[in-house]
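> Using the sequences and the hints, build the whole thing.
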Amino acid sequence: MAKRDFQLSEAEDQALMTAFSTCKDGPTRTRYQTVRLYGQGYTTAAIETITGVCHSTLMEWCRKYRQGGLESLQDHREGGNRALLSDVQLAELRQRLHTYRPVELFGETASGDGQFWTIDDLAKAIERWYGVRYARHGSYVQLLKHSGFSYQRSTRVYKSRSEAQVRAFEEELAKKN
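For the sequence shown, position 7 (counting from the first letter as 1) is numbered 231 according to the numbering used here, and the numbering increases by one without interruption.
Hints were generated in silico from the structure; no laboratory data involved. Check each hint, because a few of them may be wrong.
[As the list claims (entries may be wrong)] Simulated DEER-style distance windows between Cβ atoms:
| # | residue 1 | residue 2 | range |
| --- | --- | --- | --- |
| 1 | S280 | G372 | 38 to 44 Å |
| 2 | L329 | Q366 | 19 to 25 Å |
| 3 | E328 | V390 | 38 to 44 Å |
| 4 | S384 | V312 | 44 to 50 Å |
| 5 | M283 | A239 | 19 to 25 Å |
| 6 | K248 | K288 | 32 to 38 Å |
| 7 | T333 | S374 | 21 to 27 Å |
[To be verified] The list that follows gives simulated cross-link-like pairs (lysine-lysine, DSS-like), each with its CA atoms no further than 30 Å apart:
| # | residue 1 | residue 2 |
| --- | --- | --- |
| 8 | K248 | K399 |
| 9 | K369 | K348 |
| 10 | K227 | K288 |
| 11 | K248 | K288 |
Every residue gets a Cβ at the ideal spot worked out from N, C-alpha and C, and that includes glycine.
Listed below in structure tokens is the structure:
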């Protein structure tokens, strides 16, 4: 078995413990804890069980810590829909969604009756306006929420439904009342 060359001094261990205790960001806390456990001599299997981090990620974080200290372990990911649309585009999208209805943009190809924004209509509009397509359904739900809309499941429209028969049925009901 190879001897581990990564060991923490008392000061480094204390600095990682302090950083872990005061940090409010979950992913960064996990990084501090993972590196600290490895530097204290815990087995990689035990660390993987405790933190849920795979071996390659554990080794990557230890390498980063050796090269850059505590700062290198901070989580710098931004996430969210900012990766595809800028803040200016998000504001513009909000304005456009409140200005237009899907039927005005897509005519007969709009989902449902085209009066309300659906995920499919939003996806088509964003692709048309910005050339962007999100991989996750949830991203479109977040964009609707960000634009001031709530997500509602649409009512089902049966393809076999005949509008003429529905009108005839409603007229018959009206005659009886």
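> Indicate, hint by hint, whether the structure satisfies it.
Hints and how they fare:
1. S280 / G372: 38 to 44 Å: For S280 and G372 the Cβ distance comes to about 42 Å; the hint holds.
2. L329 / Q366: 19 to 25 Å: holds (21 Å)
3. E328 / V390: 38 to 44 Å: For V390 against E328, whose Cβ atoms are near 25 Å apart, the range 38 to 44 Å is violated.
4. S384 / V312: 44 to 50 Å: holds (46 Å)
5. M283 / A239: 19 to 25 Å: At 21 Å between Cβs, range holds.
6. K248 / K288: 32 to 38 Å: The hinted range 32 to 38 Å is violated for K248 and K288, with Cβ atoms some 21 Å apart.
7. T333 / S374: 21 to 27 Å: At roughly 24 Å between Cβ atoms, S374 and T333 fall inside 21 to 27 Å, so the hint holds.
8. K248 / K399: violated (67 Å)
9. K369 / K348: holds (17 Å)
10. K227 / K288: holds (20 Å)
11. K248 / K288: The hint holds at about 21 Å.
Comparing the model with each numbered hint stated earlier shows that hints 3, 6 and 8 do not hold.
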